[in-house]
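**Q** The residues making up each chain are set out below.
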Amino acid sequence: MYATFDLDRPGDLAAALAILRTKGAVALAGGTNLIVDMRAGRERPQRVVSLDKLGVLRGIRQARGQVTIGGRTTVTDLLLSPVIAKTAPALVESARQFAGQMVRNTATVAGNIACGSPAADLVPPLFALDARLTLVSARGRRTVPIESFFIGYKKDIRRPGELISRISWKAPSSRSCALFYKLARRKGDAITVVGVAVALDVERGRCRRARVALGAVAPTVFRAREAEAILEGQTLTPELIESAAEAAAAAARPIDDIRASAAYRRHGVHALVRRLIGQAWEKLA
Amino acid sequence: MSAPFDPNRNLANVSLRHVGKPLVRTDAPGKATGRTPYAGDYVMPGMLHAKVLRSPMPSARLVRLDVSKARALEGVALVLTARDLPDRLAPTDIPGQTGQTRLKTDQQILVRERVRYHGEPLALIAAESVDVAEKAMSLIDYDLEPWPGVFDPESAMRPGAPVVQGTDNIVARHAIGKGDIDAGFAAADMVVERTYRTQFIEHAFLEPEVGLAWVDENDVVNIRVSTQVIEHFRFIADAIGVPHNKVRIMGALVGGGFGGKEDITVEIYLALLAKHTGRPVRLEFTREDSFVGHGKRHPFILTYKTGVKRNGKITALDVRLVSDAGAYVFLSPYVLLYGAIAAPGPYLIENLKVDAVSVATNNMYTSAFRGFGSAQACVAYEQQMDEVAQAIGIDRLDLRRRNYLKTGEPTATGYRVPSAVWTERCADIAWQALGEKTPAKGAIRIGRGLAAYQQSYGRLTFLHDTSEAWVGVEVDGTVIVRSGVTDIGAGQASALAQIAIEVLGVNMENVVVYNSDSAVTPLAGTTTATRALYMTGNAARVAAEAVRGRLVARAAKAFGVPVDDVVLADNKVSALDRPDKAMSFADLVRLCATEGIQRSELAMFRAPFTDRLDPATGQGQAFADFTYGAHAIEVAVDTETGEVTVLKSVACHDVGQCINPAAVEGQIEGGAAQGQGYALSEEMIYREGRLMTPSLSEYLIPTAMDVPVVKSIILESRSGVGPFGAKGIGEPALTPVAPAIANAVADAIGRRIHDLPITPEKVVRALHGID
Chain A
-3 MYATFDLDRP
7 GDLAAALAIL
17 RTKGAVALAG
27 GTNLIVDMRA
37 GRERPQRVVS
47 LDKLGVLRGI
57 RQARGQVTIG
67 GRTTVTDLLL
77 SPVIAKTAPA
87 LVESARQFAG
97 QMVRNTATVA
107 GNIACGSPAA
117 DLVPPLFALD
127 ARLTLVSARG
137 RRTVPIESFF
147 IGYKKDIRRP
157 GELISRISWK
167 APSSRSCALF
177 YKLARRKGDA
187 ITVVGVAVAL
197 DVERGRCRRA
207 RVALGAVAPT
217 VFRAREAEAI
227 LEGQTLTPEL
237 IESAAEAAAA
247 AARPIDDIRA
257 SAAYRRHGVH
267 ALVRRLIGQA
277 WEKLA
Chain B
14 MSAPFDPNRN
24 LANVSLRHVG
34 KPLVRTDAPG
44 KATGRTPYAG
54 DYVMPGMLHA
64 KVLRSPMPSA
74 RLVRLDVSKA
84 RALEGVALVL
94 TARDLPDRLA
104 PTDIPGQTGQ
114 TRLKTDQQIL
124 VRERVRYHGE
134 PLALIAAESV
144 DVAEKAMSLI
154 DYDLEPWPGV
164 FDPESAMRPG
174 APVVQGTDNI
184 VARHAIGKGD
194 IDAGFAAADM
204 VVERTYRTQF
214 IEHAFLEPEV
224 GLAWVDENDV
234 VNIRVSTQVI
244 EHFRFIADAI
254 GVPHNKVRIM
264 GALVGGGFGG
274 KEDITVEIYL
284 ALLAKHTGRP
294 VRLEFTREDS
304 FVGHGKRHPF
314 ILTYKTGVKR
324 NGKITALDVR
334 LVSDAGAYVF
344 LSPYVLLYGA
354 IAAPGPYLIE
364 NLKVDAVSVA
374 TNNMYTSAFR
384 GFGSAQACVA
394 YEQQMDEVAQ
404 AIGIDRLDLR
414 RRNYLKTGEP
424 TATGYRVPSA
434 VWTERCADIA
444 WQALGEKTPA
454 KGAIRIGRGL
464 AAYQQSYGRL
474 TFLHDTSEAW
484 VGVEVDGTVI
494 VRSGVTDIGA
504 GQASALAQIA
514 IEVLGVNMEN
524 VVVYNSDSAV
534 TPLAGTTTAT
544 RALYMTGNAA
554 RVAAEAVRGR
564 LVARAAKAFG
574 VPVDDVVLAD
584 NKVSALDRPD
594 KAMSFADLVR
604 LCATEGIQRS
614 ELAMFRAPFT
624 DRLDPATGQG
634 QAFADFTYGA
644 HAIEVAVDTE
654 TGEVTVLKSV
664 ACHDVGQCIN
674 PAAVEGQIEG
684 GAAQGQGYAL
694 SEEMIYREGR
704 LMTPSLSEYL
714 IPTAMDVPVV
724 KSIILESRSG
734 VGPFGAKGIG
744 EPALTPVAPA
754 IANAVADAIG
764 RRIHDLPITP
774 EKVVRALHGI
784 D
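One line per chain: the protein sequences are A and B, in this order.
Take -3 as the starting number for the first sequence in the working numbering and just add one per residue.
Take 14 as the starting number for the second sequence in the working numbering and just add one per residue.
None of these hints come from the bench; they were simulated from the model.
Think of the CB as a built atom: it goes at the ideal place given N, C-alpha and C, for glycine as much as any other residue.
A portion of the hints provided could be inaccurate.
[As the list claims (entries may be wrong)] Which chain B residues face chain A? A few, computed with CB under 7 Å, are given here:
#1 T652
#2 E653
#3 T654
#4 I698
#5 T716
#6 D719
#7 V722
#8 E774
#9 V777
#10 L780
[Unchecked claim] Straight line, CA to CA, 35 Å or less: simulated DSBU-like cross-link-like pairs of lysine-lysine:
#11 K44/B with K183/A
#12 K151/A with K148/B
#13 K661/B with K279/A
#14 K450/B with K183/A
#15 K44/B with K34/B
#16 K454/B with K82/A
#17 K661/B with K183/A
#18 K148/B with K82/A
#19 K454/B with K183/A
#20 K454/B with K49/A
Just chain B, with the same shape it has in the complex:
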């Protein structure tokens, strides 16, 4: 356990040469010049092209599947159906590194009999060209008999509802109980109860899923794939029935993940086809394949009942959460747990009750998405704060100030956060940074909103997370970092370089990072859960410090000075106050090499290992630490057409310590855009389980015309548990944006729209009651 944050501890005498500077990222030149190969750029001689045939119906029984005509087509190498894979299932749990028991959520790889969602795969095809594979797809005959389905979680919980799988539709439950909820409500002057709803959304990464697989001379199945998680190799090996060391995953720079490449996508299909044909196989999803080929963000129904005193002190909070898990479990239990833990927000709630349930339906399955349940909770808790403030007639920021969780106080699960809690500072700064209010004109009303948040970084601590990195120095003084971490565009690899050179005193042009290979780079875990910098960054720092320790010891001996007096900077080694004592970094490394002093280190960083939370009360430690901050928004609402224009978007986050502030800004700006889509325009619409928004012309992410210049205000408390006091910013950047926009719209029009997205039509209905 970390000691509680001491505000005086880290702020003095910090002098960083590379960390905290907007250095050119190691991945930038290749991307800027187009030389960086993405997973889809890899080809092999003699490779086959794959296609996946999917069910057009959301709930059905597969009565007949005849692939004989497809198999007979010239140029078709293989067609696989469930009959060809009688004993195989695909795991869908979180990939673990430390041997945790897997949840019993394995699913069919291809439909055996029951179709449970629109898009569930029926058959795999490998052919000499994409055209032939598509032709073969059209030659597969099948009969699907409609089967009673259930399409919303509330119906799915009712007795007699069709059961998606197993004995009932309850996928997971979590409860949190703290203090005395009845006494808390009895002490309240007013009780405010509201229900908020969020929608299915799609990650809409730039690069759809793609991969290339081949079986090598050692019978190892190699897969080059666009993924956040190379450590799915274990699940893939289990699914195709080979030992874990016979599957190797190589990543590439990833064209966006956001949680949508956290689960297995193309890998098992590729592995099966490559193993059965003995030839390289490439599978690339079209955008339309991608929309039906990976899980979505969970829609939540969030009911908040808040007891509050006239002075604004919240005395009790009762929260009910219902999430739509879709047809298969995937990460639903974990997403629900995150939502439950996040439910009270960044506030000290002494009397708290949370009941959370995740329910199976025949909608598309739902899984990880940036924010992972915490984002849905924030949509509700921050709108609820505005509703409570309005009900008791006090200023929205004042209500928050009276209730913010402060440094050292316990969270919903009774855990005292080890770092600084700068929520109030961030919220006040973001709010003030909105500046002068834009004047209203004609039918246009102006509104402002704010949302603060608490968002974990790092995995659930009962998952016993670890990460490894290797750092070595060559005899010419250059540095190599090796780590399995996947780089999904946020600069995960480059951050390791900046950390290593900070410790070793060399410059950015002298370091190379090798990453994302499950066989030859040390396993670093997943790039998910805002954990890559925290976990792998710490591992790289520890490894670099071990190397530094040996180098500095040798230099101290050479100089005849204490080790604490040795300075490594700018590729040079020197001694404090001894200008006569100096050598190049390369000379020092050579000296060590000739004497057999180890010039490399493999380090493992371990997050806190805890037990699961108390099942009855939900009390205990769930995470290592949290990030805090706020987002402020100004909107213009056209009260006649209902159109909402975001005029100002200001973020203020305490990131602990920037490794690269330009990368931090990138995360914040991306979060602002993605959060704006969540609030205003994005929705995967399923009607009776069928996807009605199958492409980017129906599914509307914000464009450059829609998003204003985002102002990023970055605070550094240097109090986080990441390297150099860093916290995580990947997910936090998104979390407060949508509720801030919802609050701004409500402020503009004097009515609240309780379900996202806030479309022009919903605004008009709220104002004019059309029908």
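One chain only, chain A, in its complex shape:
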């Protein structure tokens, strides 16, 4: 059962941040990781700070070409938003395949990022969007690229008491295409074996910008920069796409676990990067 803990439900952000400075306090958003970990005895917080009353942290806005969402925006919120549908189709695809309906209704975007799992489904599409995270604490706020947020397996740059308050990205141009593929052992409610997000911007028959973000094949989600470099500035051919896929597979550092072997994960990266880049290019060319 649950350990004994104090529960706070602050009504404004400043109060929440003040409590989060105290030792042993953890933030509770959707709870789909924290509650499970507490039940299993893996987490034993002394103080749980529920963010459920902080409406300010939930919402989706688009202004001046910039999309901003609150950290407590749920996965279901993403699926219901025309703004997200238009500006982040790969994120929508990952949200659609995220866990099951009940979890999607409560799990939050910031929670999925902050849990630090390399298999977190929303993260590769956010990498492909060059998303930026706003971190707030009682001491102030800072904004960082999502790519620099993760520093190791379930390790990130947050300081004690710091929350992810916002996630933002530049709305992509009409000459861009982003795709996501979740490779898993079943279609619903599954933990990802390989997650791949790609984004291409094409101008005058050339790939201007390429993003290849990989999940569940390294200690953190990461960008396969070698693969991106092979594609950027080029008119894509099957050979180029194949070498980008090979470069992505070579950059993966997967592990063996009960879901899949490292060899299979590497194979999956290769096959899916090739497939998604090919599809994106075909759509834009």
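Given chain A's structure and the hints, the job is docking chain B onto it.
**A** Relative to chain A, chain B alone:
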């Protein structure tokens, strides 16, 4: 013995008013509105909460067990260890009703010295709250010394392998020999030999094990529990050392069984704790407890060697079966026997040899699971049929057509099935119902597969199975059915209502069923082995017919007509062609009541009682009857990622006679989903005996996103030995699904994966040879 099936016998002039209709089940309104209490909903004032401390090691010696700190904790009422139960063992055999000798398989209740599997119980705790019980669990000190274990059945059979228990690791053997196997192979144009493997799987019922026990004013230990078998009361009484009439089991509607609640789960722990504390005790397994707290489906290694002529006629079949019994015997010998009998499938094999062995290991013990050995056999025999068809270059369905067992022909044990054998009809219909083939595209390949089967319903006939039901009518014309049958979600109780009202001519709203109480409802046996409808349904029919006989006789006298002219329907009594003669059903019952005519009947139905099979040849009668049918599948396989998507899932079964077609469809759809999990995603992984898939996030049952709309085609030969010609469908619905999927995947990719589950990784390895 039943007479052989006469196809003209039952089909004419059958007019049923209630049986065969999708009536609202008696259990439906309560479930739909949330008013139905399950076993876990029952509480009592002053009750204690129990926990079971389990071994984290699969093979070890218990060197030290110190519960003093746990006993001293405030709020702890009792901590029991094996030292507190020096002379007690727990039976693990099939619960019998007719005094058969119990197999010598009793096991320790709590670890005395040797730990034989991961999760074996070390101590029981009863405390004022679950939190205190958990705290007490953490205060128990113990030392386990690793002990050499053995973790696969092939190693366990080798000389010098660590012995799990007793003198060797052989738990059971069965042999079947029929015809001349050497001559059969000599007559073959080709011999095809393949080995197939199946995995440990988990029942994953919605409702984990739970119960509440208390000792009443008569010193009877009462246990309200989620179980398929209330008649474990005898074994529970033996285990705690009280007479059989001092244990009463009350069931509740069960949130899924599938064989996983066929053995004793929480009952003995509850009985011991309630008896020692004198207080009510509740024990609820978490999902994680449940995963280590009941037996799994046996993994089998199945080697098939088939001799076949160029024209497709099978001339010989040599089968070797090895099953992993895990650390304790439980139902392994019976599961193995089912596998051996089912080994040739629904085919007439004149020259047959089956050698089957079940072997102990330090893996989780294995026991009953929907399909009970026959399902594992089907995984092999139906894949083997496709392999043989491919080897000789004939159509897969044609090969089957040339070999199907037909009505009146002998099975593997030489028994002539009394009912219709409609395998070919079912297979052809299911196959055609797949419709137009989905086009392949890019990396996606489309494949189709079919599996036919033969599956027994009803227990092994040498177990001398019986079942009782009581039917009575009240003076207002309402009907009561009483029977011990447990309802595990398939409508077992509701079926009795439909049968009783069919016989008595009243409507569904006028009947109530009381069931699942070992002390006050007549004993009906187990809800296992696809036997509840066959056995208890027949008992209810016989009881209702006896009541009907007396009522009709009285009505005939009142009307002055022959008894055959009395009609009972729609709560009314009338006479054929005599519109002036009529009364309400209630008036007739009142008339009988005033005259002291008995308005109730307790009936026993007996399955055929036979001797055991010939030990050398395996010949004889093993079952009363079999169900036949087929499942057809279309899959899409992504040849790059290895993902398999089931596009179409079509079942066609001859159920003899539907009692409630909506319930039959429910069974078929559930079987299709469970079989899909067996084929593609489900596996309890044990590494050196340790469970690596301890929760539903690692153990992957298919979700609504994975299972397509299942098409159920129900045929009714009205030839079964159940009530109104019914056969059983509980287990049969599952049996052919996994091999049909395996055949579809092989058809799609041109390679066969011989071991379940067919994971994306195995598909990729078969196609691309990654490593």
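**Q** Now tell me, hint by hint, if it's right for this structure.
**A** So, going through the hints one by one against the coordinates:
Restraint check, T652/B versus chain A: the minimum CB separation of about 9 Å is more than 7 Å; hint violated. With a cut of 7 Å, the hint placing E653/B at the interface with chain A holds, because the nearest CB-to-CB distance is about 4 Å. Residue-level restraint check for T654/B holds (minimum Cβ-Cβ distance to chain A is 5 Å; threshold 7 Å). Using the Cβ-Cβ criterion of 7 Å, the hint placing I698/B at the interface with chain A is satisfied: the shortest such distance is roughly 6 Å.
Taken as an interface hint, T716/B checks out: its beta carbon lies about 3 Å from the nearest beta carbon of chain A, inside 7 Å. Restraint check, D719/B versus chain A: the minimum CB separation of about 5 Å is within 7 Å; hint holds. With its C-beta approaching chain A no nearer than about 15 Å, V722/B sits outside the 7 Å limit, and its interface hint is violated. Proximity of E774/B to chain A holds as hinted, the smallest CB-CB distance being about 4 Å (cut-off 7 Å).
The closest approach between the C-beta of V777/B and any C-beta of chain A is roughly 6 Å, which is under the 7 Å cut-off, so the hint is satisfied. Checking L780/B against chain A: minimum C-beta separation of about 10 Å lies over 7 Å; hint violated. With a C-alpha separation of about 29 Å, the suggested pairing of K44/B with K183/A holds against the 35 Å cut-off. Pair hint K151/A plus K148/B holds up; C-alpha atoms about 31 Å apart against a cutoff of 35 Å.
About 30 Å separates the Cα atoms of K661/B and K279/A, which keeps this hinted pair within 35 Å; it holds. Distance restraint check for K450/B and K183/A: the Cα-Cα separation of roughly 22 Å lies within the 35 Å cut-off, and the hinted pair is therefore satisfied. Between the alpha carbons of K44/B and K34/B the distance comes to roughly 20 Å, so the proposed pair stays at or under 35 Å and holds. Restraint check for K454/B and K82/A: the C-alpha separation of about 28 Å stays at or below 35 Å, so the hint holds.
Pair hint K661/B plus K183/A holds up; C-alpha atoms about 16 Å apart against a cutoff of 35 Å. Straight-line distance between C-alpha atoms of K148/B and K82/A comes to about 52 Å, which puts the hinted pair past the 35 Å bound. At most 35 Å may separate the alpha-carbon atoms for a hinted pair to count; K454/B and K183/A meet this at roughly 20 Å. For the suggested pair K454/B and K49/A, the alpha carbons sit about 49 Å apart, so the restraint of at most 35 Å is broken.
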